[in-house]
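> Chain by chain, the residues:
2 protein chains.
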Amino acid sequence: MGGVRIALLGATGAVGGEMLKVLEERGFPLSGLKLLADANDAGQRIRYGGKEYLVEEAQVSSFSDTDITLVAVGNEVSLRFTPEAVKRGSVVIDNSSAYRLDTKVPLVIPEVNPEDIRWHKGIIANPNCSTIIALVALKPLHDYAGIERMVVSTYQAVSGAGRQGSAELEVQARDYPLGRQITPAVFKYQIAYNVIPQIDDFLENGYTKEEMKMLHESRKILHSESLQVTSTCVRVPVFRSHSEAIVIETGRRLSADTARALLGKAPGVRVVDDPARFSYPMPLDTSDQDLIFAGRIREDISRENSLSLWVCGDQVRKGAATNAVQIAELLLREGMLGKGSAS
Amino acid sequence: MGGVRIALLGATGAVGGEMLKVLEERGFPLSGLKLLADANDAGQRIRYGGKEYLVEEAQVSSFSDTDITLVAVGNEVSLRFTPEAVKRGSVVIDNSSAYRLDTKVPLVIPEVNPEDIRWHKGIIANPNCSTIIALVALKPLHDYAGIERMVVSTYQAVSGAGRQGSAELEVQARDYPLGRQITPAVFKYQIAYNVIPQIDDFLENGYTKEEMKMLHESRKILHSESLQVTSTCVRVPVFRSHSEAIVIETGRRLSADTARALLGKAPGVRVVDDPARFSYPMPLDTSDQDLIFAGRIREDISRENSLSLWVCGDQVRKGAATNAVQIAELLLREGMLGKGSAS
Numbered sequence: 001m002g003g004v005r006i007a008l009l010g011a012t013g014a015v016g017g018e019m020l021k022v023l024e025e026r027g028f029p030l031s032g033l034k035l036l037a038d039a040n041d042a043g044q045r046i047r048y049g050g051k052e053y054l055v056e057e058a059q060v061s062s063f064s065d066t067d068i069t070l071v072a073v074g075n076e077v078s079l080r081f082t083p084e085a086v087k088r089g090s091v092v093i094d095n096s097s098a099y100r101l102d103t104k105v106p107l108v109i110p111e112v113n114p115e116d117i118r119w120h121k122g123i124i125a126n127p128n129c130s131t132i133i134a135l136v137a138l139k140p141l142h143d144y145a146g147i148e149r150m151v152v153s154t155y156q157a158v159s160g161a162g163r164q165g166s167a168e169l170e171v172q173a174r175d176y177p178l179g180r181q182i183t184p185a186v187f188k189y190q191i192a193y194n195v196i197p198q199i200d201d202f203l204e205n206g207y208t209k210e211e212m213k214m215l216h217e218s219r220k221i222l223h224s225e226s227l228q229v230t231s232t233c234v235r236v237p238v239f240r241s242h243s244e245a246i247v248i249e250t251g252r253r254l255s256a257d258t259a260r261a262l263l264g265k266a267p268g269v270r271v272v273d274d275p276a277r278f279s280y281p282m283p284l285d286t287s288d289q290d291l292i293f294a295g296r297i298r299e300d301i302s303r304e305n306s307l308s309l310w311v312c313g314d315q316v317r318k319g320a321a322t323n324a325v326q327i328a329e330l331l332l333r334e335g336m337l338g339k340g341s342a343s
Numbered sequence: 001m002g003g004v005r006i007a008l009l010g011a012t013g014a015v016g017g018e019m020l021k022v023l024e025e026r027g028f029p030l031s032g033l034k035l036l037a038d039a040n041d042a043g044q045r046i047r048y049g050g051k052e053y054l055v056e057e058a059q060v061s062s063f064s065d066t067d068i069t070l071v072a073v074g075n076e077v078s079l080r081f082t083p084e085a086v087k088r089g090s091v092v093i094d095n096s097s098a099y100r101l102d103t104k105v106p107l108v109i110p111e112v113n114p115e116d117i118r119w120h121k122g123i124i125a126n127p128n129c130s131t132i133i134a135l136v137a138l139k140p141l142h143d144y145a146g147i148e149r150m151v152v153s154t155y156q157a158v159s160g161a162g163r164q165g166s167a168e169l170e171v172q173a174r175d176y177p178l179g180r181q182i183t184p185a186v187f188k189y190q191i192a193y194n195v196i197p198q199i200d201d202f203l204e205n206g207y208t209k210e211e212m213k214m215l216h217e218s219r220k221i222l223h224s225e226s227l228q229v230t231s232t233c234v235r236v237p238v239f240r241s242h243s244e245a246i247v248i249e250t251g252r253r254l255s256a257d258t259a260r261a262l263l264g265k266a267p268g269v270r271v272v273d274d275p276a277r278f279s280y281p282m283p284l285d286t287s288d289q290d291l292i293f294a295g296r297i298r299e300d301i302s303r304e305n306s307l308s309l310w311v312c313g314d315q316v317r318k319g320a321a322t323n324a325v326q327i328a329e330l331l332l333r334e335g336m337l338g339k340g341s342a343s
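Chains as they are written, first to last, in this note's numbering: chain A, 1 to 343; chain B, 1 to 343.
A couple of the hints might just be wrong.
Treat identical chains as interchangeable: a pair holds within one or across any two.
Listed below are the simulated DMTMM-like cross-link pairs for lysine to aspartate or glutamate, each with C-alpha atoms no more than 20 Å apart in a straight line [what the hints assert, rightly or not]:
| # | residue 1 | residue 2 |
| --- | --- | --- |
| 1 | K209 | D274 |
| 2 | K121 | D102 |
| 3 | K188 | D175 |
| 4 | K87 | D102 |
| 5 | K188 | D274 |
| 6 | K188 | D285 |
None of these hints come from the bench; they were simulated from the model.
Use the sequences and the hints to build the structure in full.
Dropping the structure here:
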């Protein structure tokens, strides 16, 4: 009954840091906390709950005696440690994309498909940030009208590329008007005063991996193999919070008023939609909090049974860290943790 | 045979200034140039072709003895002076939206519907910047496959709001990281490190005027009343050049290869589309020139007979000034100017 023992792999990264912040904010009942990183970052000290923790180098043995492992590292490192953590009895909530499409691994947004955590076999995957931000708002509309196709254009913040992404934007935004030399490092091209229509690698079909995630992850999360999704994912010079222009085609008519009413009572959503008062979601307003803001809700003039909307959400929080912590809370609430934990 | 006598109304604005630059660059055969503005700006001096011109306050009498009047002012001023210029025998090329949907006024993009200048009755309207940028790239695809529906998301530069728009972005981009107070003036909200999903006023149907222009102007220019268009128009912190993510649904199949081939020989278009080399259009690369760059061309995975692409173009040049000058060149080439001109 002493709470949950958590290991956090990637404790020194942007998402890892945010996970700690969210765990603390939400008063997550911890009985143990192991902060893990690679050899370079091991030895750092991080404060949590008034105490200082030493970051340790991740080893396969690190995951013994933990109930939940939060994984906030890239695919390669996740693939190396996740099976070891599972083997040692820890339930892994993985923010990488390594296991998202694995049929034995549930892919969960607590507001959308909480039921899927029930069939986990040791790993639960955290979806891609853009997918989370879209689906939290789309789920109630899907339940009502049956979404058949989504056409999405994203406006993604630089912090989606980690802490260095924000630093790079800040330096370039200052240097460019002064005529100084711009040397892109995190992003392929200058991102200040520019937009870059590529996130992640290109695939044979001309889409990027980021764009294909939106399709495959949405199908899995909504349990709808017939769902069609096309998207264009674009990096914009915004520090934090992704925005998305979404057009959905539905099986039955969905009026703008009905959509607003459905979203008004949807978990995790705030409707910000009053054109007369110039009220609509903007990334500057949605940062450092957990709700997905939805607005610009209107019936599509170009097609029957189609609706257009605009959503914004903090991709580091609800798009990553908060979603993972919510999954941990759900595991705890459903009594799905092993012995030694509070459940 | 002494060339064309031009009056430029709005000579001191961003688009007016660019019109002068474009006229000079293209060696337009001028025999007279009257620079007109409101009383506030009258008295300024502007260089053109090595000579200095005095900006005069626009009066109805200003338009006598001119062959072409280029109008680069807002609707209200255009509505006041355009009929007076026409009455005095000048052909007006109007960059405001005042006459664009007037059935007696052709709305022309020279690469798309040059034939429409033939039926002008004194006024030719210059389309909205976003419409021009989209349609220059879409026309050859429409001719081949018949575009039935367009779903567009825009990423529009601040200079679309005039010179003050750029100044406001520059100041905010500098002040925000320093924690200084941001006071929006040109834009409703902070535009630095933000995106604003509103351009122009909202209408009853939840769309903005800017978004509805894309529908009505595209129908008129392509002569297709059945064309369906939905768009979300968004301001982004880019100084110059608009970008657009476009999905088109066509009457017959259009492969990505065919689209690339068609665009490769289309007037006014440059195909920049080599994912393997991270080659795609970006606003930073399309500024201060006249081509529309098209890339990210791919068959839509979400629907048969659908294609996705990404276009960028300089909205002050091809989206406004250059298009107007091209119309003037077309009038000259077709011998459609009154007596006293070169034609």
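> Under a CA distance limit of 20 Å, which applies to K188 and D285: within one copy, between copies, both, or neither?
between (28 Å within a copy, 14 Å between copies)
> I want to check one pair: K209 and D274. Are their C-alpha atoms no more than 20 Å apart within a copy, between two copies, both, or neither?
between (35 Å within a copy, 16 Å between copies)
> Give the relationship of K87 and D102 under a CA distance limit of 20 Å: within one copy only, between copies only, both, or neither.
within (17 Å within a copy, 72 Å between copies)
> One pair to classify: K188 and D274, alpha carbons no more than 20 Å apart. Within, between, both, or neither?
Close across copies (14 Å), not inside one copy (38 Å); limit 20 Å.
> Pop the pair K121 and D102 into one bin, within, between, both or neither, using alpha-carbon distances up to 20 Å.
Within. Shortest intra-copy distance 11 Å satisfies the 20 Å Cα cut-off; inter-copy 65 Å does not.
> Using 20 Å as the alpha carbon limit, work out where K188 and D175 are close: within a copy, between copies, both or neither.
Within one copy only: 17 Å inside, 26 Å across.
When the structure is compared with the earlier hints, no violation turns up for any of them.
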